[in-house]
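Undergrad: Protein chains in written order, with my numbering: chain E, 1 to 797; chain U, 1 to 168; chain Z, 1 to 292.
Possibly wrong hints are sitting among the right ones.
DSS-like cross-link-like pairs, simulated, lysine-lysine; straight-line CA separation at most 30 angstroms [said to hold, decoys possible]: (1) 285(Z) to 153(Z); (2) 15(E) to 98(U); (3) 285(Z) to 788(E); (4) 122(U) to 20(E).
Bear in mind the hints are in silico, worked out from the structure with no lab data behind them.
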Amino acid sequence: MAYIGSAVSGILDTKLVAGKGQYTADVSLPDMGHMAVVRSPYAHARILSIDTSAARQHPGVRIVATGAEIKQWSKPIPHTLNPSAFGGKTADIYCLAIDRVHYVGTPVAAVVADTRHAATEAANLIEVEYADLPVVIDAERALEPDSPLLYPEWETNELMHVRFQGGDVERAFADADHILDDTLRLHRHTATPLEPRAALAHYDDRAERLTLWVSTQAPHPLRTTLANTLQMDENDIQVIQPQVGGAFGVKIPTYQEDPLACLLSKRTGKPVKWIEERTEHLMAGGHAREQTLKFSVACKADGTVTGLKVRIIGDVGALAAVGGWGMSYVASFVVPGPYKIPNCEVDLSIVVTNKGPWNAYRGFGKEAASFLMDRVMDRVADTVQMDRAAVRLKNFVPKDEFPYVQISGATLDSGDYVKALQDVMDKAGYHTFAEEQQRLRAQGRYIGMGVGFELTPEGGCIPDSFIGGYEGATVRVSPSGQVTVLTGVTSPGSGNETGIAQIVADALGVPLSTVRVVQGDTQACPYGLGNWSSRSLFMGGSASLYAAREVHHKVLRVAASMLEAVPEDLNCEQGRIRVKGQADREVAFNDVAEYVHKRAFDHHAFDMEPGLESTRYFRMGNIHHVPDDKGRINTYPSYPYAACVAVVEVDVETGVITLLRYVTVHDCGTVINPLLVEGQFQGAVAQGLGGLIYEQLSYDDNGQLQTGTFMDYTLPTAVEVPSVEIHHQEVPSPYTPLGTKGAGESGVSSPFGTIVSAVENALAPFGVKIHDTPLTPQRVWRMIQTAKNGNNGGAKA
Amino acid sequence: MQTTIQLIVNNTPCEATVDTRTLLVDFLRDQLDLTGTHLGCATGNCGACTVMLDGLTVKACTILAADVAGSTVTTIEGWTQDARQSGDLHPIQAAFVKHHALQCGFCTPGMVLSVQQLLKEKPHPTEAEIRHGIAGNLCRCTGYASIVKAVQEIATTTSLSPGGRGLG
Amino acid sequence: MIRAPFQLHRPHSIDEAVRLLSQCVQNGEDVKLLAGGQSLMPSMNLGLVAPAHIVSLNHVAGLDSIRRDGDMLAIGAGTTHHALAESEVVQAHCPILSETAACIGDVQVRNRGTLGGSIGHFDPAADYPPVLVLLDAACQIVSPSGERTVAAKDVFVDYMTTSLSADEVLTEIRVPVLPSDTGTAYVKFTRVEGGFAIVGAGACLRLNPDNTCRSIRVGICGAAPVPVRLTAIEDTLTGKAVDDAFVEMVAAAAYESAHDPVAELHADADYKREMVRVFTRRAVKTAWERAD
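Just chain E, same shape as in the assembly (with noise of 0.2 angstroms):
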């Protein structure tokens, strides 16, 4: 094991410091035209007339397209994950809209032009005629009776209601020595990496064949939506993934503009290019968050939880294909996380409004269980008297009790709860904070320190989509030895190239340097589903382990002929093959390789399938589908969990909240490198507390976008984020080859609760009680004035 668990740097990061690292944007093609799509600047309207009569005459403009033309060309793009398949209602999406638009930034018509000035200044000729529609932006408004409906025919904005349900509910609240309710407000926000979406689309006509660069993290799914939409043989069809510049989860499904660009390049004849701004992103790139979460908990005096009834609106604006809807429903099937809480109810309305769609964004909803469940454990800890922390450590469930299945059917894998947290109050100085709070509020500071647990359900398998529990990969040795591994996983700067060369040049004993990973290209990796749910290494890895493996033993076999051994006996390192205590009594990999290749038919290699190759697919063994007795079936096959405490100080005069530590213990399983895995979950952190703190996608009354740009939409700078000190705890998953966990997603949700309870621990001498997000400088000030004026129960701001 010369590479697993070393802190070895990013393979491609000596390319990226030079800038040379290649983005779709990068990508140039001779005669490219240039696509701007114009959207509605309506929250809800019918669209009456699309004039495009000056756009088409003006100079450079090589089409022009709406929806009655889109209708003509294409099919609806298939739903990342269609809400039918979950009993819900659903909408055909086509690359335009189509008589209707539901939120502002809806793509109404798009125009190619030779440059991106003329293409924009056509755009700018399109006169759309809207006729307004009433609008609803608020979920609960939504669900009254006498709403606007976003779509008439469903005669609701329900999406979808889903109830899971287990032990009996009503006898533990009967029986409960306490009953709290309460409500809380997580607040709209999203991904938005630095690099814009952006695709470039060459329809070749005389080969008839459709290539697309395109940032994504799944080319092969976006392959074969796009053959479905644009009615292609997805034969026809390839799909480059180059160097992507974040993603967290917004890349992953096919969005409108994918299909778009590629069926004007097919109109047009020649390339198209379509790079977003940064206000498209905002507007219409894909929302996440803003749900409800209303809670009943029922507990014992001694802190035991015996009862939850949990009730979530999930306020996921207007239906688009990219499926982001399925994170209200991630949401309640994490419920009630790590705790063991056998009577359970969880009831989810996921409700339409005209605010823009959700698309995936880091946490899928575990972020919100996350911060229901720490909030219902301070609630309890607070009613019964009790340790916050303590109130946790009572209700884990325990380590000898896995795999645990929860009343969604989440089947928690592996862990030790208990000790993760235990570790991280000794490693934050919990049992001291206390001494050091009163100090500091004897001179005015209030600070405070507040804990939290996050279960992050990882490698997501839903039945009959492209959402999949098993991946595919590539290991090829070429006659000069050096390693190419193919994979259907890919990297959108998550670093498992990285982890997965470590894999491969530990399993086929060579230097890290020999081995190059391809990804994302449809032509030449392996069928996979891409990157996401933190998948990519414990799936693309384990396939790639197999792969490689299967290398490795074939060429063992032909060096034990070559030096007159048994292969049990051959010992493979830094591409040399040695006998085992006998150092002279040596072959190179690398010589191996070209026998194999060159020699085919020569005594040490004529007994065997000829080639280095191999392709193997990895299934996790822990998904079922298949309904059990209580008809649950478990789509989440990987349970990581970090156990984490905040130290931060309030500015009581001003409301501004300062986060000083962030500490955590973190279990992703086998840790393949430690570089890798502290830096994902110091960036998700960083992105959980912009969002708890900073981060707002705000709409007026009419569905208005009030933060369109960075200079409102505020992202956290390196003056706002601290160093996350991260320690691991390596509790190997049983259903992996190498135990990995997955890592990547953990520690987006953690801020949530942990900084929340750290804030009203601050701010315990006012009596601070919050419930809702973001907790903008203004909005805790309020709360504090409330709170002063002796209302601590519903402080709202």
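Starting from the known structure of chain E, fit chains U and Z onto it as the hints suggest.
TA: Below, chains U and Z alone, put in the same frame as chain E:
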């Protein structure tokens, strides 16, 4: 409207005709194929388009190409080449690689240039000075910790030298 | 990306700039002056501003000089925030101005953005205006009919509106050399580092040997559409003992003055008014600590 400009980009004099609307970032990327400079927001917030103009870092999305006629522009490509006179990575880039102070790499060229500006003015910055020095460059991936660590290491291990291996 | 075409003019002298501006004005064409462009370019990229002509001042030599002229500092309008922040002359003689310059935006913005550009654009969240008003700064303005000097308080007339007409160019800003015993401070409140000021407060305080107030001046942005100067209370405080109660009186006066704060998404009028109090208090306290 078109206009012709003369300027020096990465030590090379160049003359080009540009639309007056063309931003410096688009000019570098589209007309000179210097794609190491990225465009992330077009409002001067994210810093992905950071280049050096007459020796100081600026955001190339807030500058008209036609307005920098007569100036000297250095992009990550030119700076890397200058720094690589002895063949390997510049100490800043080497530290970024060692600490994996990047993930997707989109902010990285701008971040590296901001770090060199910081170290030129403050060779031994405190952590707070480092954080303020890179506050004009947003990174959505790393949470900044590894970047801060990389800069701290350079600041404590590398000394300024007059030649090409310095931090200039 | 800038959508609407425009003509770019790159004059080499102020006279030429003024001539170009007045031509555009006479022809009834929308014209904008471009300095560092740190506000104008984002606005144009977003399509919020679409002038037919742009007159760039970036090719006019000598607009970035900083010199001492008797008991005044004369600062060229084209001086960047970075140059102002780093200027030893300014640090020595008008430290509040260097402190203000150093907290604007981020490094790249400070490297390109200019003093004159900020004054001309006059965002209500801009940091210089309250400081210039408290300093009784004077602005040199060149117009087609000649040159005039306008007091800073008379430049900032209304929300995003200055008294400069479209054919005038601001060339120089004159601020007083502050006595070396002056304690000065500018503090600001932003959502994130480099963001716009929700509230900014500047204070200059001189003490008498008996620790009474010899003079105090306070300027605030965020309290109203234009910078607020606490003129009324400044005089009455002269001779008063400087102590916590003194600081609180100034803060209370600031709060009272903030009768018309520009509400924004994350700071409504009530909150902003309270923050005016808090940040004025902090500015005065810091100025006090720094006063000899």
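Undergrad: Indicate, hint by hint, whether the structure satisfies it.
TA: Structure-based check of each hint:
1. 285(Z) to 153(Z): Given pair residue 285(Z), residue 153(Z) holds - Cα atoms ~24 angstroms apart, limit 30 angstroms.
2. 15(E) to 98(U): holds (13 angstroms)
3. 285(Z) to 788(E): holds (26 angstroms)
4. 122(U) to 20(E): holds (28 angstroms)
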